[in-house]
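Now for the letters of each chain:
2 protein chains.
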Amino acid sequence: MNTSPNDKKALALHKKLQGKIRIVPAAKVKNRADLSLVYTPGVAAVSMYVKGDAERARQYTMKGRMVAVISDGSAVLGLGNIGALGALPVMEGKAALFKTFADVDAVPIVLDTQDPEEIIQTVLRIAPGFGGINLEDFAAPKCFDIERRLVEALDIPVMHDDQHGTAIVVLAGLINALKVVGKKLTSARIVISGAGAAGAATANLLRVAGATNILILDSKGIITEGRADLTRHKLELAASTNFSHITGGLKEALAGADVLIGVSGPGLAKASDIKLMAPKAIVFALANPTPEIMPDEAKKGGAVVIATGRSDFPNQVNNSLAFPGIFRGALDNGVRKITDDIKLKAAKALASLVKKPTATKILPDMFDKRVAKVVAKSIR
Amino acid sequence: MNTSPNDKKALALHKKLQGKIRIVPAAKVKNRADLSLVYTPGVAAVSMYVKGDAERARQYTMKGRMVAVISDGSAVLGLGNIGALGALPVMEGKAALFKTFADVDAVPIVLDTQDPEEIIQTVLRIAPGFGGINLEDFAAPKCFDIERRLVEALDIPVMHDDQHGTAIVVLAGLINALKVVGKKLTSARIVISGAGAAGAATANLLRVAGATNILILDSKGIITEGRADLTRHKLELAASTNFSHITGGLKEALAGADVLIGVSGPGLAKASDIKLMAPKAIVFALANPTPEIMPDEAKKGGAVVIATGRSDFPNQVNNSLAFPGIFRGALDNGVRKITDDIKLKAAKALASLVKKPTATKILPDMFDKRVAKVVAKSIR
Numbered sequence: 001m002n003t004s005p006n007d008k009k010a011l012a013l014h015k016k017l018q019g020k021i022r023i024v025p026a027a028k029v030k031n032r033a034d035l036s037l038v039y040t041p042g043v044a045a046v047s048m049y050v051k052g053d054a055e056r057a058r059q060y061t062m063k064g065r066m067v068a069v070i071s072d073g074s075a076v077l078g079l080g081n082i083g084a085l086g087a088l089p090v091m092e093g094k095a096a097l098f099k100t101f102a103d104v105d106a107v108p109i110v111l112d113t114q115d116p117e118e119i120i121q122t123v124l125r126i127a128p129g130f131g132g133i134n135l136e137d138f139a140a141p142k143c144f145d146i147e148r149r150l151v152e153a154l155d156i157p158v159m160h161d162d163q164h165g166t167a168i169v170v171l172a173g174l175i176n177a178l179k180v181v182g183k184k185l186t187s188a189r190i191v192i193s194g195a196g197a198a199g200a201a202t203a204n205l206l207r208v209a210g211a212t213n214i215l216i217l218d219s220k221g222i223i224t225e226g227r228a229d230l231t232r233h234k235l236e237l238a239a240s241t242n243f244s245h246i247t248g249g250l251k252e253a254l255a256g257a258d259v260l261i262g263v264s265g266p267g268l269a270k271a272s273d274i275k276l277m278a279p280k281a282i283v284f285a286l287a288n289p290t291p292e293i294m295p296d297e298a299k300k301g302g303a304v305v306i307a308t309g310r311s312d313f314p315n316q317v318n319n320s321l322a323f324p325g326i327f328r329g330a331l332d333n334g335v336r337k338i339t340d341d342i343k344l345k346a347a348k349a350l351a352s353l354v355k356k357p358t359a360t361k362i363l364p365d366m367f368d369k370r371v372a373k374v375v376a377k378s379i380r
Numbered sequence: 001m002n003t004s005p006n007d008k009k010a011l012a013l014h015k016k017l018q019g020k021i022r023i024v025p026a027a028k029v030k031n032r033a034d035l036s037l038v039y040t041p042g043v044a045a046v047s048m049y050v051k052g053d054a055e056r057a058r059q060y061t062m063k064g065r066m067v068a069v070i071s072d073g074s075a076v077l078g079l080g081n082i083g084a085l086g087a088l089p090v091m092e093g094k095a096a097l098f099k100t101f102a103d104v105d106a107v108p109i110v111l112d113t114q115d116p117e118e119i120i121q122t123v124l125r126i127a128p129g130f131g132g133i134n135l136e137d138f139a140a141p142k143c144f145d146i147e148r149r150l151v152e153a154l155d156i157p158v159m160h161d162d163q164h165g166t167a168i169v170v171l172a173g174l175i176n177a178l179k180v181v182g183k184k185l186t187s188a189r190i191v192i193s194g195a196g197a198a199g200a201a202t203a204n205l206l207r208v209a210g211a212t213n214i215l216i217l218d219s220k221g222i223i224t225e226g227r228a229d230l231t232r233h234k235l236e237l238a239a240s241t242n243f244s245h246i247t248g249g250l251k252e253a254l255a256g257a258d259v260l261i262g263v264s265g266p267g268l269a270k271a272s273d274i275k276l277m278a279p280k281a282i283v284f285a286l287a288n289p290t291p292e293i294m295p296d297e298a299k300k301g302g303a304v305v306i307a308t309g310r311s312d313f314p315n316q317v318n319n320s321l322a323f324p325g326i327f328r329g330a331l332d333n334g335v336r337k338i339t340d341d342i343k344l345k346a347a348k349a350l351a352s353l354v355k356k357p358t359a360t361k362i363l364p365d366m367f368d369k370r371v372a373k374v375v376a377k378s379i380r
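From first to last, the protein sequence lines stand for chains A and B.
If you read the first sequence in the working numbering, its first letter stands for residue 1, the second for the next number, and so on.
If you read the second sequence in the working numbering, its first letter stands for residue 1, the second for the next number, and so on.
Some clues are possibly wrong.
Identical copies look the same in the list; a pair holds intra-copy or inter-copy alike.
[Claimed, not checked] Capping the alpha-carbon separation at 27 Å, the derived lysine-lysine pairs in DSS-like fashion look like this:
id: 1; residue 1: K179; residue 2: K373
id: 2; residue 1: K99; residue 2: K16
id: 3; residue 1: K251; residue 2: K280
id: 4; residue 1: K300; residue 2: K251
id: 5; residue 1: K299; residue 2: K234
id: 6; residue 1: K15; residue 2: K377
id: 7; residue 1: K15; residue 2: K99
id: 8; residue 1: K99; residue 2: K28
id: 9; residue 1: K30; residue 2: K99
The hints are simulated quantities; they were obtained by calculation from the structure and are not laboratory data.
Please work from the sequences and hints to get the whole structure.
Here it is as structure tokens:
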């Protein structure tokens, strides 16, 4: 592994910290009087009051404020299946962001199993103490079933952030990018490269928002109902996209397209591919750290609004714009399911923070303190 | 439920706090430079470095400092089986004590299952991110098997505190109580009332410490090898205690006994029972909040050293004297199993903090800042 100067600094910092979060008491325990309230004997009255009553537990215990950030390490960042321990530093980072951006208390839990049924049972069994479940870095396609089953079974919000966090921020950015180029979501031709967690959820949310003309590609090409090799979740995608039954690869998809959203990986497209698109093209190349096409190359191909996942280019599409506010809002408002309507409202709220979108400013800055508040407030 | 003034204060405090712990980042995330170390892209180098390597994870992640406090709520305090939500305020209080007394970061996890096999599987699956497991308020006898299986399967310390925390503090107190009355552990006749988690573990640890003459009673009377109704863990107790095969109830057990340890419940004994004991009797009446015999009644019966679980009488036997230091020491010293030898050392270290034991001072104060340090240091 090449170790960059930043990597070296990151390694040194992690060694110094030995974990990026700390658990601290919310009240001091300095003497017996404190102890008699925080612990025995006073705690017994609280235990009897909240037992078997989730609503009371939300008010009197950590269940009202605590989110579990859970991963099996099967698809961590762009690193692939690196398992529970490999996932842990990422989940700790996420917990740090939850607190920093939205004052949400979040606990990393990494799992010593990658079996979907075992994952589901484990999450169900540890759920009582939590007010929300952020699923993270579970590989597709199992992530879809795991999330669906947990959403159905639990009465607390469950969200797979790789799906919906990404979809919300992409939609927010796209709303403003379309304003910049004077096009409409309902009529825009949208191409999504990548049918994994992020691609599938983005396609779904764009449809909910009104998009009618979406093509989605996996590594074999455009997903269309005629293809014989489709898994269940791709069959669902085929049924809800590509109504003109276009076949082929990226070039066929891009012909006349208004928007390209890359959530697949580096080396997808060149300037000559972008030239196949309609005038005033929008390109979101979100693979990290290396985008599907570099911004200067996309520009050379005629793209007018370009976004990436990186902080060193304009228009960073980053989940941190969504997940802290989503869970903050869900906890504040007693929301039990993160519905499509909630995701849509969150995306619109996020987009609204940029009063006058330009080609280099379609999303708010992730350190903008209004972000989590506005997203949280949008969730009722 | 009668609500005492203290209960009312406890309820009000819990409502105000909404949970007694908070998760805070160990490092500030104020700008993109911070983010590039704590989260992407820098975190990827850490993930690749620690993946599949528990030793590196201990150094670079929360695994080096974080203990899970896990309960199924099947035997919470003296409240019985009040389930996951009922257990949550107690586990939060425990997490607050872990931090306050020993700077151990502890996360409460309450389980939506009371099935031993499901409990074991769940704990195994969430274990990778933790450096220790504190099992709490699991009912006997399932607690014995659950702990044994987890200790065998995991390479991090697992301790059921209701068993071993209690046993360690009882042994520490008894070491000093015996000094006060001028008797020896090896020859003392010891009666334990209660063959649940605390009673069984106490009997075992006292034997490890050198006690040779122990009788243990359950609700049916003295446990002896002849009894037909013994479960597996009681058969084990029968094999390691009561070598004179004494039968009967409390009165038969107490005849000539030097020590009575009550871990069963209120209303066990009267002054007339204590009078059956040998001169200079020692009575530990540890049921909370109402002891097996009140101190003045025990004194009337001739007891010379009397301990309870309460803070409003001398000689409080409280697990908080043990568990924070035990886990602090285990984390500091890379201890993978809390062995009998470790428990013995911890008890002796705890006892050593009282330089000149007296009838009303056999244990250090739980707010004595030396306690966790000395216990932790004893664990090598």
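Tested hints:
no. : hint        : in the structure
1   : K179 - K373 : within (24 Å within a copy, 63 Å between copies)
2   : K99 - K16   : both (20 Å within a copy, 19 Å between copies)
3   : K251 - K280 : within (17 Å within a copy, 94 Å between copies)
4   : K300 - K251 : within (17 Å within a copy, 95 Å between copies)
5   : K299 - K234 : neither (31 Å within a copy, 78 Å between copies)
6   : K15 - K377  : between (38 Å within a copy, 23 Å between copies)
7   : K15 - K99   : both (21 Å within a copy, 21 Å between copies)
8   : K99 - K28   : both (20 Å within a copy, 10 Å between copies)
9   : K30 - K99   : both (26 Å within a copy, 12 Å between copies)
Consistency with the previously given hints fails for number 5 only.
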